[in-house]
Amino acid sequence: MRRDLSLFQLYLALVAMGIGGVGLALGLPTLGTAPAVEVFFALAFLSGLRLVVRFSPWLDGALAVFGAMALIVSLPGGVMPAHHWLALIAAWAFAWLFVERLSACIRAGILPETGVGLLIPIMFGLALLVVWEVVTRGANVPPVLLPPPSAIGMRLMAETHILWADFVQTFIKSVLPGYAIGCLAGLAVAILVDRSPFLKAGIMPIGNFMSALPIIGIAPIMVMWFGFDWQSKAAVVVAMTFFPMLVNTVAGLNAASSIERDLMRTYAASYWQTLMKLRLPAAGPFIFNALKINSTLALIGAIVAEFFGTPVVGMGFRISTGVGRLAIDLVWAEIAVAAVAGSAFYGVIALIEKGVTFWHPSVRGGRA
Amino acid sequence: MTRILPVLTILLAILVFWYAAAVWMNAPWQNTLNNRAGLENVPFTSFAQQTWAQDKPVLPAPHQVVGEIWNATMGLEFTSRRSLAYHGWITLSATLMGFAFGTALGVGLAVAIIHNDASDRSLMPWIIASQTIPILAVAPMVVVGLGAVGLTGLVPKALISMYLSFFPVVVGMVKGLRSPENIQLDLMRTYDASSWQVFWKLRWPAAMPFLFASMKVGIAISLIGAVVAELSNAAGGGLGVRLLTGSYNGQTIQIWAALFIAAGLAAVLVAIVGSAERVVNRRMGVRA
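Going down the list, the protein sequences come from chains A and B.
Numbering of the first sequence is given in our numbering, commencing with residue 1 and proceeding in unit increments.
Numbering of the second sequence is given in our numbering, commencing with residue 1001 and proceeding in unit increments.
Careful, some of the hints might be misleading.
Once the Cα atoms are required to be at most 30 Å apart in a straight line, the calculated DSS-like pairs of lysine-lysine come out as [claimed, not checked]:
1) Lys1216(B) to Lys1175(B)
2) Lys200(A) to Lys277(A)
3) Lys200(A) to Lys292(A)
4) Lys173(A) to Lys277(A)
5) Lys292(A) to Lys1175(B)
6) Lys292(A) to Lys1216(B)
7) Lys354(A) to Lys1201(B)
8) Lys354(A) to Lys277(A)
9) Lys354(A) to Lys173(A)
10) Lys1175(B) to Lys173(A)
11) Lys1201(B) to Lys1216(B)
12) Lys354(A) to Lys292(A)
13) Lys200(A) to Lys1201(B)
14) Lys1175(B) to Lys1201(B)
15) Lys277(A) to Lys292(A)
Just so you know, these hints were derived from the structure itself, not from any lab.
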């Protein structure tokens, strides 16, 4: 047994090799129909040589990538031959082995954390996409049920103007103003409430309670009050983002310790000076926590509110009508746009947080 | 008493504000009605009462909502399609099922993540990324898609709830299962404990407070998931459907009543998890 493999890794390697052998044998009757897959089977079988010679983890990664490409290239129009499913399993096993060995190398300090550490989740994401593509096309899953990623990508390219219009309507017109108003209002009310212990004691339990409620349900009411256009969506977003901001800011304003406040007193700092120079900066991590929670909530609120009535544009509108018209690939393209927008929104706020609260231990430690 | 008084004051203020807002927002329509009926110079007190008793008000007064909740739960047979108790039950069962799935999935993923480096590195970034995606947008498609393969009713809704509620559980449990300190892990080693024993006797009990904190968040969003999933399947019933039909027919009182029931459900569910937390923590010997 090779010393550089753990028991679990060895099992994975044996599975991959065994499948390669079986696949090669099963492919013999139809030799030449899918040469790439057959080459992959042969290589997978040859990877059994790792029992006698050193076998770099990168070779496993290369084999996984090659197997995935071979499978996608040889996808037929109809149902995939049965033994090609073995190639999918083998490619998955190689990918798994690859990340297992990479993370073992990182832990042992052979490979650097940055860069290689990023490669592992990317590998996992790509593997999921490949499995999705191969399963939907190989098993002839009706596109109405689940379209393959390639079809979604094509739709994304073909319908950019529609997707862009929806993005502007939902994200730029509804989410951003609602988010800004909701967060600023939460911040302002928190600062006002903070001056009176009585109000604080009254509002905090209610605020906590409200943050747990399905506020999204006010969407139909807002649509009645503010009409079909973006104003009603922005109003839903305001209501959804207000309470998390309020609760977090009130908690954050208490974060400055009494010794720091005493120092401000010895400087004869006024209330506003203490607030601006000590307590608000100290509340930064809490405020950014709320901003991050709200960035996801805001997008959800706007999209769901559009289910209740909108002009004929908007992400939520496109999704609900797309499902009705069975244009599922367009719906998935819309979801992809929403996912990218949501992640980017979150990412931008996380970046700003890193810059603003650079002093906080969670940022200084390198892991936000 | 010192804790309840401020809360009651705020609640009272909200109530007063609500009644005032109801007069203000319902006034234009009431004026039109009174003009048509030829009523002039209605004194303010009776005008206010008129605005609080409209059939389809812009903003129903609190007592109208409470009355509607009472009529729609106690006043009707449970099996009636108009009973809010019936619709509330549908939503509740989807919520609980999704919450159970989500918690199980979350705990399972957390266990895999703390025991295997590769799954930590490959799964964790995607689990976090999955929550920046507005997943509720997928709800209609999941409901319709599963409906096409013959899965209708509870399961699609529960899947949406599951997707929403597993996340806080994973994050909380990974933190919790890693919370035992090195000195405690070393002690287990000196006892020659197997990794199974370390898990059950040290890591699992240490993770309990984290699990319950996550479950409180999880059950609240699980309810949101169930309500939104119901929007796409109007035949299935549930509080989401009541919201939808209410908005189509302009039945504002019905919308508010469904909303209040949903809020009440969320509050009760969180409270139940909270009391379970206290019981378990006491039995596990956690000092409050």
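Here's how the hints hold up against the structure:
no.: 1; hint: Lys1216(B) to Lys1175(B); verdict: 16 Å, holds
no.: 2; hint: Lys200(A) to Lys277(A); verdict: 22 Å, holds
no.: 3; hint: Lys200(A) to Lys292(A); verdict: 24 Å, holds
no.: 4; hint: Lys173(A) to Lys277(A); verdict: 34 Å, violated
no.: 5; hint: Lys292(A) to Lys1175(B); verdict: 19 Å, holds
no.: 6; hint: Lys292(A) to Lys1216(B); verdict: 19 Å, holds
no.: 7; hint: Lys354(A) to Lys1201(B); verdict: 38 Å, violated
no.: 8; hint: Lys354(A) to Lys277(A); verdict: 19 Å, holds
no.: 9; hint: Lys354(A) to Lys173(A); verdict: 27 Å, holds
no.: 10; hint: Lys1175(B) to Lys173(A); verdict: 38 Å, violated
no.: 11; hint: Lys1201(B) to Lys1216(B); verdict: 24 Å, holds
no.: 12; hint: Lys354(A) to Lys292(A); verdict: 12 Å, holds
no.: 13; hint: Lys200(A) to Lys1201(B); verdict: 41 Å, violated
no.: 14; hint: Lys1175(B) to Lys1201(B); verdict: 17 Å, holds
no.: 15; hint: Lys277(A) to Lys292(A); verdict: 23 Å, holds
Checked against the numbered hints listed earlier, the structure breaks hints 4, 7, 10, 13; every other hint is satisfied.
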